[in-house]
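A.B. asks: Sequence:
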Amino acid sequence: MDLMHSDVWQLMQNRQLTLRKRIWFGLQLARALEFLHSSSLIHRDVKLQNLLVDAELNTVRLTDFGLLKSTGLTGQSLVGTPIYLAPEMVTNSSYDISADVYSLGIALWYLW
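Numbers in the numbering used here are just positions in the sequence shown, counted from 1, shifted up by 119.
Rather than coming from a laboratory, the hints here were simulated on the basis of the structure.
Please read these numbers as outputs of a predicted model, since none were measured by experiment.
Do not take every clue at face value.
[Stated by the list, open to error] Below, in silico cross-link-like pairs of lysine to aspartate or glutamate (EDC-like), each with a Cα-Cα straight-line distance of 20 Å or less:
1. 140 - 173
2. 140 - 175
3. 188 - 207
4. 140 - 126
5. 188 - 215
6. 188 - 153
The task is simple: from the sequences and hints, build the whole structure.
C.D. replies: Written out as structure tokens, the structure reads:
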């Protein structure tokens, strides 16, 4: 298991990341979600605080799988971090992997 240094949100608050690093981290987050979704899983709490960075600031790992759900089940519960929630989650409508994609968009906006 890799030893992780910090989370991306904390590094962003401390202004420790170049634009190149932020883009690289966003790409890695998108790839992690692509893997989860291809495995029929929804993370449901995608946020920069759940994206841990190694000491060299080269690799990120998506963490906190406590709300992970199979895509075969219809989601309707209000879970996750409010500012990252897709509209269908806030209104207690059914949702799928697109809710993670919405959260990815919010994370990428913060990375910008």
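A.B. asks: Indicate, hint by hint, whether the structure satisfies it.
C.D. replies: Now for the hints, and whether the structure bears them out:
A threshold of 20 Å between alpha carbons decides the hint, and for residue 140 with residue 173 the separation of about 12 Å falls inside it, so the pair holds. The suggested pairing of residue 140 with residue 175 holds, with an alpha-carbon distance near 11 Å, which does not exceed 20 Å. A C-alpha spacing of about 16 Å is found between residue 188 and residue 207, which places the hinted pair at or below 20 Å, so the restraint holds. At most 20 Å may separate the alpha-carbon atoms for a hinted pair to count; residue 140 and residue 126 meet this at roughly 13 Å.
Of the supplied pair hints, the one linking residue 188 and residue 215 holds, its CA atoms being roughly 10 Å apart against a limit of 20 Å. Restraint check for residue 188 and residue 153: satisfied, since their Cα atoms lie roughly 15 Å apart, inside the 20 Å limit.
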